Amino acid sequence: MDLTNLYYSLRLILPEVIVSVALLIIVIADLILHRDKKSIPYIALTGMLAALAFMITDLAQQGFAFIPSKSQHMFGMVAVDAFGTFFKILIIISSVFIVFFSNSSLEIQKVSDRIGEYYTLIYGMILGMMFMISASDLILIYLSIELLSLSSYVLAGFTKLRDRNSEASLKYIIYGAVSSGIMLFGISILYGISGTTNLMALNKFFQSPELNLLTLSFSLILIFAGIGYKISAAPFHFWTPDVYEGAPIAITAYLSVASKAAGFALLIRFIRTSFVAVVDAQGNWILFDFFDWRSLLIIISILTMTLGNFSALWQNNLKRMLAYSSIAHAGYILLGLAVLSVHGLIAIMVYFLIYLLMNLGAFFIVMLIADKSGSENIDDYSGLGYTSPLLGVALSIFLISLTGIPPTAGFIAKLYLFIALVDANMIAVAVIALLNTVVSLYYYVRVLKHMYLTKPSASTSSVRAVGINYAVVLILTIPVILFGLYFTPILEFVKNCISILSI
Amino acid sequence: MNIYDIIFYLFAAITLVSGFFVVSTKNIVHAGFYLLFTLFGVAGLYVLLGADFIAIVQLLVYVGGILILLLFGVMLTNKITSVDLRSGTSYIIPAVIGVGILWGALTAVLFKTSWRSKAPSGMDPTTSEIGRLLITDYVLVFELLGILLLVALIGAASIARRDKE
Chain A
17 MDLTNLYYSL RLILPEVIVS VALLIIVIAD LILHRDKKSI PYIALTGMLA ALAFMITDLA
77 QQGFAFIPSK SQHMFGMVAV DAFGTFFKIL IIISSVFIVF FSNSSLEIQK VSDRIGEYYT
137 LIYGMILGMM FMISASDLIL IYLSIELLSL SSYVLAGFTK LRDRNSEASL KYIIYGAVSS
197 GIMLFGISIL YGISGTTNLM ALNKFFQSPE LNLLTLSFSL ILIFAGIGYK ISAAPFHFWT
257 PDVYEGAPIA ITAYLSVASK AAGFALLIRF IRTSFVAVVD AQGNWILFDF FDWRSLLIII
317 SILTMTLGNF SALWQNNLKR MLAYSSIAHA GYILLGLAVL SVHGLIAIMV YFLIYLLMNL
377 GAFFIVMLIA DKSGSENIDD YSGLGYTSPL LGVALSIFLI SLTGIPPTAG FIAKLYLFIA
437 LVDANMIAVA VIALLNTVVS LYYYVRVLKH MYLTKPSAST SSVRAVGINY AVVLILTIPV
497 ILFGLYFTPI LEFVKNCISI LSI
Chain B
16 MNIYDIIFYL FAAITLVSGF FVVSTKNIVH AGFYLLFTLF GVAGLYVLLG ADFIAIVQLL
76 VYVGGILILL LFGVMLTNKI TSVDLRSGTS YIIPAVIGVG ILWGALTAVL FKTSWRSKAP
136 SGMDPTTSEI GRLLITDYVL VFELLGILLL VALIGAASIA RRDKE
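Chains A and B, in that order, are what the protein sequence lines are. Converting from the first sequence to this note's numbering requires adding 16 to each position, the first position being numbered 1. Converting from the second sequence to this note's numbering requires adding 15 to each position, the first position being numbered 1.
In short, the hints are calculated from the structure, not lab data. Note that the structure is predicted; figures quoted are calculated from it, not measured. Errors might be hidden in some of the hints.
Pairs of lysine-lysine residues, derived as DSSO-like cross-links and limited to a Cα-Cα distance of at most 27 Å, are as follows [stated by the list, open to error]:
{"id": "1", "chain 1": "A", "residue 1": "Lys187", "chain 2": "B", "residue 2": "Lys41"}
{"id": "2", "chain 1": "A", "residue 1": "Lys388", "chain 2": "A", "residue 2": "Lys54"}
{"id": "3", "chain 1": "A", "residue 1": "Lys220", "chain 2": "B", "residue 2": "Lys127"}
{"id": "4", "chain 1": "A", "residue 1": "Lys220", "chain 2": "B", "residue 2": "Lys41"}
{"id": "5", "chain 1": "A", "residue 1": "Lys53", "chain 2": "A", "residue 2": "Lys176"}
So that you can see chain A by itself, here it is in the shape it has in the complex (with noise of 0.2 Å):
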């Protein structure tokens, strides 16, 4: 690769270079800020922002980067695209939440001699998730995977206040170390058929006549597994109500955020890129028929939403259900990917967006209360309507929206996603997911009428939260609602963001 090449390869991946930049300016100023560490989320916030600013003034930017010289065909290791930008400035602002809700955090607090560590870690899970969006080869895929891996390992024992930190470091490292180490053996057989670890070489390859269907079925499965881990989808999901349970809030609303989004993305690009034929007229993706990727993805995203929503029937305590909720909901977003076309994808996309907005409320939120009265029990939260008005209200539309009851915006984001299904003749599976929906409700419900219709008890306390806490609950909240009655600009926004480089 001679120097042109690569000084165009760096143009085009400027802002993962940026949040490089800022993790080595983090690691710096934390050792010579070492009395006083109050400006490093401000640092943090600032490199977030920057990377923010370059991707929305680059939003069409498209090309590959990092093109091996020997290569005939113009295949580089990183696809930068409008799919993938749109994917890292969902991950970049749901950073710039995390540091608001860091900062909040009493659990996060009580470490702040430790804030540099913090979001050193944190940047490595952003540069981990940006290279996950965009990789186009398995070596770079596997990489980036350990490098957001690796972080959140870290940060979800970070605070190591309670054994419950520890534990959930634990599991997360177990759990991790073998599903990598089962996508890894799946990738290596894959190379030793196919010989080349590039998506777009691996689509030419799929296209020979000769192949083996039962070494790459096999090998498929097997980074699935890898990327199932990361979006939590059923059976690899054994981890996620311990981990959610016990990392702090703010990594917890992080994981199910971020961390899904970019799992999420990789795994489309990987369909994407490597499989897919042709495109038709009408948006569709005919797929190469050796492996029945539409099948797969119908039956894990049953089992998933089934398996979460029903889990989080019975818990009483809110973090546990909301981990359950988001596995459910990564079942939702699963379907989506199952349609196999440009409106699946559509409704995914949309169903991120706001998905992002409602579910990193609800934690923030949780999160509040946790740190008044010390617990995320359902009995806290008895009376809590009336004793903290704002925060009960606005609880309360995230939970609704989650559930997906108009007029909030999670109604859109269903809604688009039922269309996408209905259109694709998929009629049965949309009724079991609406089935899902209805199940939903119920513990959703539950913390509503834990709040509005139980009298407050002596454990229920008044949150009074600070200025600049009120005002991120109302940036999540309006967005919640105004999305539900008037969406037009989101779907627009969403509709510039499909394209994916391939073949």
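Since the structure of chain A is provided, determine the placement of chain B on it from the hints.
Same frame as chain A, now just chain B:
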């Protein structure tokens, strides 16, 4: 059976037998020492494949570094050495089924696949070629590995640090 085959089976036997003892022994120090032979056997297999760089790295990093560190860690913490490891078997039927399916699938994959193979073109050293690729075509991977190691270091220090009470 020529000399290569004999050496291959020798190393494979070392790897498998010591690997079996790693998981079956009750003493953690013994398990550590058996692991030494497992990793050494794998290094031998790499040499036979002509992957000289990986073989040396395997010896330097795993046998020489990580394993010695592991043994030191175990020996310096009395608490761990005196504890009897639980090595009983639970859920034996599901485990046998699961492992059996995986083993069957792996064996089938191994024998039924036409692996992409390349005739050996002499035993050329690979180190310089790997080095060249790491700073040209795979420079991104190389740099990202640097950040990965930095993050891992910081994370490890963060976990190991004892908080002031």
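Here is how each hint holds up against the structure:
1. Lys187/A with Lys41/B: holds, 23 Å
2. Lys388/A with Lys54/A: holds, 23 Å
3. Lys220/A with Lys127/B: holds, 22 Å
4. Lys220/A with Lys41/B: Violated, because 51 Å separates the two Cα atoms, which is more than 27 Å.
5. Lys53/A with Lys176/A: holds, 20 Å
Of the numbered hints stated above, the single one contradicted by the structure is hint 4.
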